[in-house]
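Given the sequences, and given the hints that come with them, work out the whole structure.
Quick note, the sequences are listed as chains Z and P, same order. In this text, residue positions in the first sequence follow the working numbering: the first is 1, and each later residue adds one. In this text, residue positions in the second sequence follow the working numbering: the first is 1, and each later residue adds one.
Hints listed in this document are in silico derivations from the structure and should not be mistaken for laboratory results. Worth double-checking, as some hints may not be accurate.
Claimed, not checked - Think about it this way: if two alpha-carbon atoms lie no more than 30 Å apart in a straight line, the pair counts; the simulated DSS-like pairs of lysine-lysine are:
no., chain 1, residue 1, chain 2, residue 2
1, Z, 261, Z, 19
2, P, 135, P, 409
3, Z, 728, P, 135
4, P, 168, Z, 678
5, Z, 702, P, 135
6, Z, 808, P, 24
7, P, 168, Z, 808
8, P, 329, P, 243
9, Z, 729, P, 337
10, Z, 729, Z, 702
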Amino acid sequence: MPKSQYVDPNKVFEPEFIKFKDIPVNQYKKTLAEEEKEFGKDELVRIYHDMRTIREFETMLNEVKTKSEYNGVQYSNPGPAHLSIGQEASAVGEAYNLDINDLTFGSHRSHGEILAKGLSSIQKLSDEELTKVMEEFLGGDTLKVVKEHTEFKSVKELAQNFLLYGALAEIFARTTGFNRGLGGSMHAFFIPFGIMPNNAIVGGSGPIALGAALYKYSNHKEGIVVANFGDGATGRGPVLEAMNFSNMDQIKKLWNDGAGKGLPILFNVFDNFYGMGGQTRGETMGFDMVARLGAGFDPDEMHAERVNGYDPLAVIDAVGRQKKLLQAGKGPCLLDVVTYRVSGHSPSDSSTYRTPEEIEAWKEADPILAYRKKMVAGGIASDAEFDAIDEKVKNRMTSIMKLAINDELSPRMDLDKNPNAIADLMYSNQHVASLEPGREPEVLIPKEEDPRVKSLATKERYAFDKDGKMFSKMKLFGVRDGLFEAIIDKFYEDPTTIAYGEDNRDWGGAFAVYRGLTEALPYHRFFNAPISESAIVGSAVGYAMCGGRAIVELMYADFIGCAGDEIFNQMAKWQSMSAGILKMPIVLRVSVGSKYGAQHSQDWTALTAHIPGLKVVFPATPYDAKGLMAEALEGTDPVVFFESQRIYDKGEEFHKEGVPTGKFFIPMGEPDVKVPGKDITILTIGAVLYRALDAAKELKEKYGLEAEIIDARSIVPFNYGPVVESVKKTGRIVIVGDACERNSVMRDMASTITELAFDYLDAPPVVVGSRNWITPCFELDDKFFPQASTIIDAISEKILPLAGRVPKANFTTLEKIDRCKKGV
Amino acid sequence: MATPVIMPRQGQSVESCIITSWAKKVGDEVKEGDILFSYETDKSSFDEVAQVSGTMLAILYGEGDEVPCLENVCVIGNAGEDVSAFAKGGEAAPAAAAEAPKAEAAPAAEAPKAEAAATKAENTDGRVFVSPRAKLLAEKTGVDYTLATPTGPDGRIIERDIQTLLDKGVQAAPKAEAAPAAEAPKTEAAPAAPAAEYEDVKLSNVRKVIARSMHDSLANSAQLTLNTSFDATSIQKYRAGVKANAEAMGLQNITLNDIVVFAAAKTLVDFKDLNAHFLDDKIRLFKDVHMGIAVDTPRGLLVPTVFNANHLSLNDLAKESKAVINEAKEGHINPDKLAGASFTVTNLGSFGIETFTPVINPPQVAILGVCGIQTRVRAGKDGAVETYPAMTLSLTIDHRAVDGAPGAKFLKALATNLEHFEQLLAK
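This is how it looks when you write it as structure tokens:
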């Protein structure tokens with residue numbers, strides 16, 4: 001909401017018409033003679049070679065899946081194989097004009113794109129560059145196999161063997177594959193050739209590619225980004241969000257002082273008419289042609305075009321023109337490449353949704369045969385030459401396949417010998433101050449001149465004065481200030497760091513954590529995102545994949561659902577699916593609300609803690625907030641950072657020396673004993689810490705019990721050591737949090753503590769969470785969220801009956817059974 | 001017809017009241033005007049009197065319970081009437097609900113009301129619920145947790161209940177000993193029954209502990225028993241003398257057992273190998289004699305210790321020994337006094353036992369069994385047959401620690417000392 005852009009009521013009500021310009025459809029008209037002049041005979045023949053290579057690769061996979069045999073070699077592959085037979089011309093056409101710096105992201109049907117981009121890159125890299133890439137990749141494991149066991153006459157041929165073998169070994173889940181076999185068919189990629197991850201979630205690459213484009217733009221890197229997906233994916237929210245996000249007005253109007261440069265991203269749709277079996281044009285969509293979508297996103301209509309994807313030369317022509325537009329800062333672009341998948345969606349597809357006549361007609365229109373005919377007719381090459389290529393491709397494929405199924409040369413991960421092989425890849429656990437050392441971070445003013453930084457210098461960094469009286473809220477250095485300090489420190493240290501989310505700039509974030517960043521940071525490092533949670537988180541994933549650090553915010557934890565796939569499947573999994581090749585330095589800030597009803601007050605720690613690959617923290621004090629944020633921002637793993645709106649203004653009540661002004665780290669996973677005691681342990685998650693303090697006070701004053709309060713601080717990872725030690729001492733534990741009690745982190749902790757300290761327990765660990773209801777209005781808060789009295793009631797009723805205690809909350813066994821029975 | 005009694009509403013703002021006490025229990029006769037229960041609001045307290053006569057059929061809330069106003073609290077009617085219609089929440093209650101609920105929450109953190117020994121920590125189905133922590137503490141301190149009064153939720157024995165037992169000095173479970181079990185299984189002498197009739201008696205925890213420690217003792221050491229007897233004339237005479245002058249001289253009632261214990265303590269000073277603990281890789285020889293005395297208590301066998309017995313006069317020894325025996329029998333002995341013995345004496349003499357094989361209490365290496373006095377004959381000085389009182393001593397030693405000869409020498413020295421008891425006193 002920049003003040004510079006005045007919303008004028010006198011203007012917005014003026015009558016006018018929205019005008020559209022024509023979107024070209026199949027307007028490629030160049031003759032072969034023109035193309036021969038441009039590319040030369042060899043290149044035209046190479047295009048055939050690349051298409052034939054892809055066709056043979058997928059024919060081999062199809063034979064393996066359907067007949068367990070290819071060219072006399074037996075093999076069965078239980079994993080997925082989504083083939084794109086028929087789409088080779090589109091893939092090769094797209095890749096032709098792309099350079100190493102141009103990045104492609106794909107879908108679950110991307111074997112062709114991977115090979116096309118790889119073959120194109122091999123053509124563009126020098127022998128020295130290729131040799132270096134191959135030698136350095138996976139310590140030379142992949143290269144060793146092809147170097148010793150395939151035939152090649154040049155480095156380029158070796159590199160082609162390397163590409164085919166690396167991709168196939170990955171599909172067959174071999175440790176010599178591009179991702180050690182952990183990605184598989186739908187997730188294969190090879191960054192040195194500019195092939196970025198493909199995605200098994202339809203449209204999953206949309207927001208991720210957006211993030212890569214953001215990385216290129218914000219860090220001034222060369223190259224464009226191509227988001228490949230099918231026409232079916234245009235029904236996906238994240239794809240539409242990404243298209244909208246990439247067209248944000250501010251990028252051209254406000255970023256770089258309004259230099260007018262757009263994001264370098266091409267949304268490339270391989271439009272094969274079907275999303276699995278649903279026919280997009282005519283059944284599941286209403287756009288008639290995908291290219292029309294461009295008109296919905298910006299006045300330039302995303303320079304949308306629809307081209308004949310069965311003619312590689314038409315695709316080359318279109319991508320070439322769009323690339324130039326993107327390089328000139330006129331993006332984003334949209335390309336609708338019409339193609340057809342002759343093969344089924346997967347080998348189990350019996351094509352009940354289309355007629356045999358339709359498939360036959362498209363087989364007759366086969367782009368490879370048509371291209372060959374055209375070349376022979378135009379005198380580019382003879383049938384004999386093409387036959388020779390065919391034979392060579394087939395022989396090469398056979399020998400690559402034999403290598404990829406050879407258990408000795410291409411072994412699977414040995415989890416008996418190394419049981420932690422996958423566990424060790426779940427997190428990268430690195431500590432990196434700057435992801436691009438040497439480059440000066442772009443800022444608008446020196447940090448000391450930032451108004452928030454100046455104001456914080458006057459705040460009290462310990463909550464109490466020397467008489468033990470608490471300073472007024474206005475004077476306190478609060479939780480939000482701790483978060484701010486760690487974040488601004490990182491902005492001045494790491495030039496790749498960017499932050500965005502809804503209402504981050506100007507407003508300062510809905511809860512004022514970012515107040516003061518607007519003054520310090522240029523737009524391309526700190527901006528307001530559209531209300532597009534999928535695109536916000538998904539783009540952070542792409543940004544991190546490329547080597548940057550992103551801090552993204554969802555405002556309310558309740559919006560996690562809006563970015564479900566991006567958090568659960570993308571952010572969480574890419575480090576391990578890439579066998580550690582990718583890092584994921586993302587901090588996803590989510591705030592747990594209060595006073596805001598059922599859809600704005602939920603603690604969803606359990607959802608994120610359940611997903612392998614995410615780190616989850618929930619600090620409750622300014623000291624912990626700063627230390628854990630600094631740790632998260634120094635790390636290379638995705639961290640879901642929970643905050644609570646109840647306590648943003650809480651001062652530091654525990655560290656007498658106050659919150660340090662300098663940078664310090666709190667290791668993730670270490671719970672903190674906030675108050676020592678001997679009679680009962682209270683383990684808190686998040687803001688309930690302060691209600692536990694009240695409970696401890698009453699337990700002491702009324703019942704003579706000394707409670708030990710442990711603040712979990714982190715949820716994943718979590719060191720149970722200090723908790724178990726405490727339980728050994730006290731024999732009793734209550735676990736408290738604001739989340740609904742059922743299937744909560746608290747329940748998980750209770751179960752683990754029982755396992756670890758059974759013999760020391762005087763009663764089962766008791767969970768005090770919120771009721772399994774909707775969150776009612778604020779006035780009924782105390783009936784829903786745990787209170788000090790609920791904690792004491794739970795202790796008296798379930799652990800240690802307290803003299804004279806008349807419980808308000810119902811902790812009886814009958815009630816428990818009844819609630820479970822009713823599911824409430 | 002059964003009539004429910006509701007919790008009255010004492011004022012518009014009152015939502016619920018707390019029952020402070022019940023004057024009637026289920027099955028009691030109720031007359032119109034009788035006080036049924038007392039209750040209180042946050043401001044004042046009231047008594048509820050019966051409006052009808054009959055029998056108290058059901059009590060739906062216990063003492064300390066908070067009852068919403070206008071809810072049914074109890075039911076009065078004729079014995080045997082169905083009261084299920086009046087159950088809490090309007091649902092039909094099982095017949096068992098007619099019992100008054102236990103008022104468990106109220107006394108809570110206070111010391112348990114009932115005497116530990118009087119209450120068995122048993123649930124209705126006979127199971128004892130005990131927390132793992134309480135069980136661990138009971139095992140560590142050798143306390144029988146079934147004696148604890150449960151104060152935890154749902155009648156569970158929790159740590160503090162075991163602590164209460166320990167604070168009160170309730171008996172530890174018995175150590176390994178030789179005497180017969182206190183609780184002999186009840187077996188009826190079946191008169192030549194054609195088919196075997198029997199009764200299965202479940203092992204008490206005390207029995208289980210004895211069983212385990214006895215078996216461990218025999219399984220893990222090399223025990224052998226030496227028997228001898230001595231002329232008890234001297235000690236009988238001495239005892240008679242003490243008895244006659246006890247009152248005048250302010251002496252204890254000194255028993256024959258006291259005399260044997262005294263003699264053993266004095267004699268052991270010269271036989272350190274037997275006043276010892278066998279600790280696998282070493283033998284711990286004690287400077288002084290800490291005499292364990294086996295006692296048959298109502299709960300089983302206990303072995304309280306008289307520390308530094310070799311330094312005590314016979315009178316002091318008798319006094320001390322009586323004190324610990326009584327503490328053990330009454331069940332409030334300090335657990336420290338149930339450990340630490342370096343040697344044990346066990347006496348089955350009063351049962352007329354002539355000889356037996358006492359079982360060692362590890363890690364001690366020897367135990368002395370004292371048998372009854374029998375009249376025996378022997379050749380007198382003039383060759384004529386004469387009778388004399390003979391007492392048998394059965395010494396079990398652990399052959400891993402002590403050989404037969406030193407054991408026999410000790411027995412011989414002890415017998416000599418007892419035969420010349422007055423001289424021993426002079427030592």
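Verification of the supplied hints:
About 23 Å separates the Cα atoms of residue 261 (chain Z) and residue 19 (chain Z), which keeps this hinted pair within 30 Å; it holds. Distance hint between residue 135 (chain P) and residue 409 (chain P) is unfulfilled; the C-alpha atoms sit about 45 Å from each other, more than 30 Å. Between the alpha carbons of residue 728 (chain Z) and residue 135 (chain P) the distance comes to roughly 14 Å, so the proposed pair stays at or under 30 Å and holds. Annotation: proposed proximity of residue 168 (chain P) to residue 678 (chain Z) holds, straight-line Cα distance about 23 Å (limit 30 Å).
With a CA separation close to 28 Å, the supplied pair residue 702 (chain Z) and residue 135 (chain P) stays within the 30 Å bound. Taking the CA atoms of residue 808 (chain Z) and residue 24 (chain P), the gap is about 27 Å. The hint holds against a cut of 30 Å. Taking the CA atoms of residue 168 (chain P) and residue 808 (chain Z), the gap is near 34 Å; set against the 30 Å cutoff, the hint is violated. Taken as a hint, the residue 329 (chain P) and residue 243 (chain P) pair is honoured in the structure, with Cα atoms around 24 Å apart against an allowance of 30 Å.
Between residue 729 (chain Z) and residue 337 (chain P), the direct Cα distance comes to roughly 27 Å. Compliance with the 30 Å bound is thereby established for this hinted pair. Taken as a hint, the residue 729 (chain Z) and residue 702 (chain Z) pair is honoured in the structure, with Cα atoms around 22 Å apart against an allowance of 30 Å.
Going down the numbered hints, you'll see the structure goes against 2, 7, while the others check out.
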